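Keeping the supplied structure of chain A fixed, place chain B upon it in accordance with the hints.
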Amino acid sequence: MAMETVLRAVWVIAYRDLLRFVQDRPRLIGSFAMPLLFLIIFGAGFNRVIGALAPGVDFVQFMYPGIVAMTVLMSSLMSGLSIVWDREFGFLREVLVAPLSRTGIVLGKAAGNAVIAIGQGIVMLALAPIIGVQLDFMLVLKLIPLLFIVSVSLSGLGILMASRMRSQQGFQMLMQVIITPLIFLSGVFFPINNVPVWLEVISKFNPLTYGVDAIRQVFLSGNLSSASGDPSYAFGVTVFGHTMSIIEDAIVMAILGIILLSLAIWSFSKQE
Amino acid sequence: MDNGTKIIEIQDLTRKFRQLTAVDSVSFDVYKGEIFGFLGPNGAGKTTTINMLCTLLKPTSGQATVGGYDIQKQRRQVQQVIGLVFQDPTLDDYLSAEQNLRFHAYAYGVPRSVREERLTQLVELVGLSDRLKGKVSTYSGGMKRRLEIARGLLHHPQILFLDEPTLGLDPQTRFHVWEYIHALRKQEELTIFMTTHYMDEAENCDRIAVIDQGKIVALDTPDNLKDSLGGDVVMLEAEDSQKAMLELEEKYNLSPQIQEQTITFSVPHGETFLPELMRGFQSKLVSISVHRPTLDDVFLKLTGRAIREQEAGAWEQFRRIMPH
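From first to last, the protein sequence lines are chains A and B. Sequence positions in the first sequence follow my numbering and run 4 to 275. Sequence positions in the second sequence follow my numbering and run 5 to 328.
Okay, chain A solo, but in the shape it has when bound (with noise of 0.2 Å):
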C-alpha cells in the first residue's frame, strides 16, 4: 500500500505536469528565451573584449555550458512555483484529497521537472555547433545523468520554497531575490578561480556552482584537449586546493538535493 501510493503519486503528478508543460506553449518558449537572450547579449558584447579565456575557448564557449545550467535552474524553481498557482487555483486541493503519498507528490514534482529539464539541455545542444563547441555521443551520454542530478537537486529548493507559499507573487519576489546571486555567483559569466576571495568563497557555498562546472566540464573537454597539450582544467573549482572532478561535483549536487528534497518533503507533508 505505502510502496504503492508513493510510485502512482510520482507517476500521475509528473504525467501532469509534462502534459501542462508541452500545452503551455508560451512557457516552452519563455523557458529558452532568457538563457538565450544572455548567449546573444552577452556573448555579443563581451565576445571580442574579453577574448579566448584558455586556450580554444571564446567567452560564448565559456558561457554556452553555464547557461545550459541556468537553464535548468530556472525551470526547477518552476516547479515550485506551479505548486504556488496550483494552492492559488484550487488544484492543490484535488491533489491532496486523493490517496497519495506526499512524499510521492513531491517526487513526481521533481521527476516531471528533471524530465523537462533533460528535454531543454537536449535541445540547447543544438547550439553547439553554431558556438564551435564540439559534440559527440560520449557528451550527450554523460550530459544526461548530470542534468538528472541537477534538476532534481534545484526542485528541491523549488518545492521547499513553495511548499508554504500563498501567493505566486510572494513567490515570485523571493524567486527574484534568490535566483540572481544564485546566477551571477555561479560562474556562469566567469570563472571563479581568477576573482576576489570573499566572491570565491561565497560562490563555492553556491550548489549551482558544482552543476555550473560540471556541465561545463562535459562540454569542454573536447575542446580544451584538443587545442591545448595541458589536461588540466583551466576553469576548474578548487575546493581546498582540490580540483572538483566531474564526479565529485555530481556527488555534491546529489548530496545537497537529498538534502533539499527531505527537507521539501518535510515541510510539503506537514501543511494542512
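Hints are supplied without guarantee of correctness; some may be wrong.
[Claimed, not checked] Label pairs and their calculated CB-CB ranges:
hint : chain 1 : residue 1 : chain 2 : residue 2 : range
1    : B       : 131       : A       : 208       : 51 to 61 Å
2    : A       : 181       : B       : 91        : 27 to 37 Å
3    : A       : 258       : B       : 139       : 33 to 43 Å
4    : A       : 36        : B       : 13        : 36 to 46 Å
5    : A       : 29        : B       : 131       : 29 to 39 Å
6    : A       : 28        : B       : 21        : 41 to 51 Å
[Unchecked claim] Chain B residues, not near chain A, derived (Cβ > 12 Å throughout):
hint : residue
7    : 108
8    : 112
9    : 186
10   : 249
11   : 278
Hints were generated in silico from the structure; no laboratory data involved. Please read all numbers here as calculations on a predicted model, not as lab measurements. C-beta atoms are modelled at their ideal positions from N, C-alpha and C, and glycine is treated no differently.
The following block gives chain B in isolation, referenced to the frame of chain A:
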C-alpha cells in the same frame, strides 16, 4: 434510506485555530444512503468540519470515522471512499476536461478495465460528452461544477461531499445539478453530505444538521425542524419596533425576534391569531403576513440570523471570525 448502517460517525470533534474554536465538540452520525444537509451561517464551522472529514485538516481533539475508517489513522482509505466537490473550483484550467478526469482516475488507481466505461458514463450523465476535449478554461461556471461532480464520482466513492454545490449558479443550472444528485443517489447507492446556502435546496435533504458557532444546534428531518417552531410564522413591521416587541412579549407572551425592522414570531394557529391581534394591538402596524414555517424560519430561530444576509453582511462575518 437504510436506517441501520452508520457511514459517518463523529464524536466530540474539535478544531481550534489559536484562540478561536471553529468546531466545538461536535458529535453526530450520518446514515448510509441519505442526503445529509449541513447548514450554518458563514464562519459557523461547516467547511472546517468537512475539511477534517476529508483529511485536509487534523482535528485538535475528538475522532471520526468515514466509511468505517478513522480520519486520522487511515487517511488513505478514507480518501479512497470519498468524493469531493468543493465550493471553489479545483480543476486544472489548462488541461482538457478529459485530461482532468484521466488525472483523477490515475490518482485514485481506478483499474483500466472499468476506467473508460465509467468515464464515458459519467460524462454523459452530466451532459458534457460533446465538450470533453475542450480546455476547462473555456467552460462556464455551471459546466465546471458538473465536471467536478463527474470527477468526484469517478472512483466509485461511497460518500460524496458537496460544499455549496450550486453556489453562484443560475436557477436552471441549479435545478440540473439537483437532478444529477438525485439520479446519482439512485444509481450509485451514494451517501451525500452537503452544505448549502439555499434553504429551498435544503428541503431535498433527508436530515439536516444546523451548526452555529462551532456547535450543532439542531439535527432532524426538514419537516420535524419546521414543526418544532410550533405552528405558523407571523412577520410584521411596526412604526415603533421596540414598542411593538415589548407589547408582543408582555401582552401576548411571545418571544419575537427582530431582523432589520421585521419582527418574526411563531403562533400555533396563524388564521385565528391575526384577527385577535388586530383587535387589541396598540402599536401602529405597517405590514403583517403569516405563512407556514420554512427552513429559513428555522434557521432564523436557531441562529438569530437569516441565512441570506450572510452573503451581504461583511462586517457581521468579520465580527464572527474575530476571536471575542
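Evaluated hints:
no.: 1; hint: B:131 with A:208: 51 to 61 Å; verdict: 59 Å, holds
no.: 2; hint: A:181 with B:91: 27 to 37 Å; verdict: 34 Å, holds
no.: 3; hint: A:258 with B:139: 33 to 43 Å; verdict: 42 Å, holds
no.: 4; hint: A:36 with B:13: 36 to 46 Å; verdict: 56 Å, violated
no.: 5; hint: A:29 with B:131: 29 to 39 Å; verdict: 32 Å, holds
no.: 6; hint: A:28 with B:21: 41 to 51 Å; verdict: 42 Å, holds
no.: 7; hint: 108; verdict: 7 Å, violated
no.: 8; hint: 112; verdict: 6 Å, violated
no.: 9; hint: 186; verdict: 24 Å, holds
no.: 10; hint: 249; verdict: 45 Å, holds
no.: 11; hint: 278; verdict: 50 Å, holds
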